[in-house]
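K.L.:
The primary structure of each chain is shown beneath.
There are 2 protein chains.
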Amino acid sequence: MDEVGGGDGYVLHPVGRVLSPLTDAASAPRQGDEGAPAAWLVFDPQVEQALRDLRVGVELLVLTWLDRALRDVLAVHPRGDESRPETGVFSTRSPHRPNPIGLHRVRVLAVDGLRVEVADLEALDGTPILDVKPVLGAADER
Amino acid sequence: MDEVGGGDGYVLHPVGRVLSPLTDAASAPRQGDEGAPAAWLVFDPQVEQALRDLRVGVELLVLTWLDRALRDVLAVHPRGDESRPETGVFSTRSPHRPNPIGLHRVRVLAVDGLRVEVADLEALDGTPILDVKPVLGAADER
Numbered sequence: 007m008d009e010v011g012g013g014d015g016y017v018l019h020p021v022g023r024v025l026s027p028l029t030d031a032a033s034a035p036r037q038g039d040e041g042a043p044a045a046w047l048v049f050d051p052q053v054e055q056a057l058r059d060l061r062v063g064v065e066l067l068v069l070t071w072l073d074r075a076l077r078d079v080l081a082v083h084p085r086g087d088e089s090r091p092e093t094g095v096f097s098t099r100s101p102h103r104p105n106p107i108g109l110h111r112v113r114v115l116a117v118d119g120l121r122v123e124v125a126d127l128e129a130l131d132g133t134p135i136l137d138v139k140p141v142l143g144a145a146d147e148r
Numbered sequence: 007m008d009e010v011g012g013g014d015g016y017v018l019h020p021v022g023r024v025l026s027p028l029t030d031a032a033s034a035p036r037q038g039d040e041g042a043p044a045a046w047l048v049f050d051p052q053v054e055q056a057l058r059d060l061r062v063g064v065e066l067l068v069l070t071w072l073d074r075a076l077r078d079v080l081a082v083h084p085r086g087d088e089s090r091p092e093t094g095v096f097s098t099r100s101p102h103r104p105n106p107i108g109l110h111r112v113r114v115l116a117v118d119g120l121r122v123e124v125a126d127l128e129a130l131d132g133t134p135i136l137d138v139k140p141v142l143g144a145a146d147e148r
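From first to last, the protein sequence lines are chains S and A. Start counting the first sequence at 7; every next residue gets the next number (our numbering). Start counting the second sequence at 7; every next residue gets the next number (our numbering).
Hints are not guaranteed to be accurate.
[Said to hold, decoys possible] Examples of chain A residues toward chain S, derived with CB under 7 Å:
#1 Trp46
#2 Ala56
#3 Asp59
#4 Gly63
#5 Leu80
#6 Ala81
#7 Ser89
#8 Val95
#9 Phe96
#10 Ile107
#11 Leu136
#12 Val138
#13 Val141
#14 Gly143
[Said to hold, decoys possible] For each label pair, taking beta carbons as the anchor points, the in silico distance ranges come out as:
#15 A:Thr29 <-> S:Gly119: 23 to 33 Å
#16 A:His19 <-> S:Gly86: 41 to 51 Å
#17 A:His19 <-> S:Leu142: 41 to 51 Å
#18 A:Leu115 <-> S:Gly119: 44 to 54 Å
#19 A:Glu88 <-> S:Ser89: 50 to 60 Å
Calculated from the structure, these hints are not laboratory results. Everything numeric in this text was worked out from a predicted model, so none of it was measured. All C-beta atoms in this analysis are idealised placements derived from N, C-alpha and C, irrespective of residue type, glycine included.
Bound-form chain S, shown alone:
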């Protein structure tokens, strides 16, 4: 079996990519519920069995690698607004952070083999996908 890793760092292997009309960070919405378009999650054939139970209508959390972010930024003005005080990135949703993992809540619109269309995804075109998780319902429905 694969080792998870150890020592100084852990290596992520993307499981797919985002296919989106969004190509420019400056014009992308800051969160998915602020006017983000529909996009496709295009998965690698190796993870076909992991996505086999995704269905239209379900709510998912998509984890991505924000490959255009900076890793050495520890404080930012929230939402790029210079009138707001500089804030530690662990208290903001800035993409710039030591491990730039994006977390996106989306709804499945369509499933077509290895491609899954989702609403409300603000990730840029080409963004690597790391993981997909269901949104948890009440404890007695798990």
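For chain S, the structure is supplied; the task is to place chain A on it using the hints.
P.N.:
Positioned in the frame of chain S, the structure of chain A alone reads:
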């Protein structure tokens, strides 16, 4: 500036570790709201500026690297219950998945320098911390 990475994989550098009374996966709760204890997030000095605005009472999402998980498992019986049909891991919260990133919703109980105490964390003692994000409020409060 640091490169985010590229090519075949991306390298995560943990920003701290979980200090918890939970040491055994078999006896740990499956989710934080199913009886998980309080635990400490112990951060590395290098990220002090990133956590400087964390305050008692706030709700956070903690991302961890589930370093005792398996990466080559693509389908599981949910919650280890063999009577439930095998399900693709992207439709479950199983720790076993291609990129075993844990996602934990917690509330801050105390802040003491580089140590932050949180309620309801089901991660095992020693689990590497990757990132911390605020839970988003309504769009007009961001």
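K.L.:
Taking the numbered hints from earlier one at a time, note which ones the structure violates and give those numbers from smallest to largest.
P.N.:
1, 4, 7, 13, 14, 15, 16 and 17
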